[in-house]
Amino acid sequence: MREALRGLTTRGRSFLAAAVAAAISALILGEKDLLRVAVLLGVLPLLAALYVGRSRYKLACSRSLEPHRVPVGASSRVVLRLQNMSRLPTGTLLLEDRLPYALGSRPRVVLERLGAHQASSVAYTVRADVRGRYEVGPLVIRLTDPFGLCELTRAFPSVDPLTVIPQVAPLPSVRLAGEYAGTGESRARSVAVHGEDDAATREYRRGDDLRRVHWKSTARTGELMVRREEQPWESRATVVLDTRAFAHRGEGPTASFEWAVSAVASIAVHLRQAGYKLRLVSDSGIDASANDAGGEGLLLDYLADVRLTQRGDVATLVERVRQRSDGGLVIALLGTLTTAEADLLAGLRGNGATCIAFLVDSSTWLNLTPQAREEANHAHGAAALALMQSGWRVVGVEHGSKLPALWPQAARGSQGFAWRAVLAETVAGGVR
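Once you know that position 236 of the sequence shown is 236 in full-length UniProt numbering, the rest is easy, because the numbers rise by one and skip nothing.
Don't read these hints as lab results, they were simulated from the structure. Even for Gly, the Cβ is constructed at its ideal location relative to N, Cα and C. Incorrect hints may appear among the rest.
Straight-line alpha carbon distances no greater than 16 Å define the calculated EDC-like cross-link-like pairs of lysine to aspartate or glutamate that follow [what the hints assert, rightly or not]: (1) Lys216 - Glu203; (2) Lys277 - Asp287; (3) Lys277 - Glu258; (4) Lys402 - Glu258.
Distance ranges between label pairs, derived from CB positions [said to hold, decoys possible]: (5) Arg133 - Met85: 29 to 35 Å; (6) Ala315 - Arg133: 28 to 34 Å; (7) Arg311 - Ser289: 22 to 28 Å; (8) Gln273 - Thr125: 25 to 31 Å; (9) Lys58 - Arg106: 40 to 46 Å; (10) Asp129 - Lys58: 23 to 29 Å; (11) Val122 - Ser390: 58 to 64 Å; (12) Asp129 - Met85: 21 to 27 Å.
Construct all of the structure, not just a fragment, from the sequences and the given hints.
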């Protein structure tokens, strides 16, 4: 009851003040009718507080998000279901669901009345333009009486998570040479066709099962040849994300880092759907694999949380990738590089790996003077040339580039004479 009295609104407190004033006046003037009015004015707020106080612990609430994982810029529908568990009807209810600032303003809904054991549902939508994990809730309910004399607040402690993942762009299907890797008696090699029964042969050894004899190879070589005992060849890919803060420019959803994160998500989903065994590595500590049914969602959840790091460096990134490197594809989303850092990345070319770099020219996210622009272009060209000389395929990325348009370049076996000519001219111009 004390808490209910503390919930009296300004109107309710005014009624009590008026009751006190009327009672004092009635005693001074000897007016019994005025005293009756004073009693009525004083009883109304007390009855309202009693009414609201009795019903405040007899409500149940549930919340559902549809869906609970959304890409940046998409909306999620939040459904609130409120049920009156008591035999008495409630008064007017004001619902307010608490939201983080990034999800917009707090929705407020008024329910006029809930009858005995009656339930009602309300829905609203939220939208986020920034990646991350957010908590929707808790729900705050303000209970009021029909006269607005008393208002009590009740907060349901439950919250529901909403994960905002990067945007995933559909990519065209292209053939990526060097995508296969395997283990067994032979080293990793390029495979021209897809399939798990890619037989390799060796000379017959005493004790070999004759059912493993490969007759075509035997006829061709003139010696008895048998199939090797190999594990199936499989598509493997490692996607690398550069999270060094000084390698990216721009702020907010349009920053170069957000472009890179969205590109990583798009590439990871594309390769996962193509049947690759996928691994995601960054210099901020992420090292995750997606080889089961829920692996794609797990990677996207990781990317929802990834942030720029001030302590990242290319040497650490290379070391993380090489810890579990087993050939296949290495696709890296890289920010600004120096030639020395590009030389460090040459270490990923071992073990038969095919390395593809999407080299983000983060300086194009800035408005530079002509001289500064020329210097930035020269540094970017030198880093790209160093990567190509170490055997990487390089795809240049500038502000406004679209990944679906750039993706086919990743499949080209050669770097392209135009790329080489431009880079050579850039480097030569810097030497002069």
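Status of each hint after checking the structure:
1. Only pairs whose Cα atoms come within 16 Å are accepted, and Lys216 paired with Glu203 is accepted, the gap being roughly 13 Å.
2. Using a Cα cut-off of 16 Å, the hinted pair Lys277 and Asp287 holds, with the two alpha carbons roughly 14 Å apart.
3. Under the criterion of a C-alpha separation no larger than 16 Å, the hint pairing Lys277 with Glu258 is inconsistent with the structure, at around 25 Å.
4. A hinted pair counts as satisfied when its Cα atoms are at most 16 Å apart, and Lys402 with Glu258 qualifies at roughly 13 Å.
5. Taking the beta carbon of each, Arg133 and Met85 are about 32 Å apart, inside 29 to 35 Å as hinted.
6. Between Ala315 and Arg133 the beta carbon distance is about 30 Å. The supplied range of 28 to 34 Å therefore holds.
7. As the Cβ distance of Arg311 to Ser289 is approximately 24 Å, the hint placing it in 22 to 28 Å holds.
8. Here the CB-CB span from Gln273 to Thr125 is close to 28 Å, well matched to the stated 25 to 31 Å.
9. Between Lys58 and Arg106, the C-beta spacing of about 24 Å breaks the proposed range 40 to 46 Å.
10. Taken as a hint, the range 23 to 29 Å is violated for the pair Asp129 and Lys58, whose Cβ atoms sit roughly 39 Å apart.
11. For the pair Val122 and Ser390, the beta carbons lie near 59 Å from each other, so the given range of 58 to 64 Å is met.
12. Against the hinted window of 21 to 27 Å, the Cβ-Cβ separation of Asp129 and Met85 comes to about 39 Å, which falls outside the hint.
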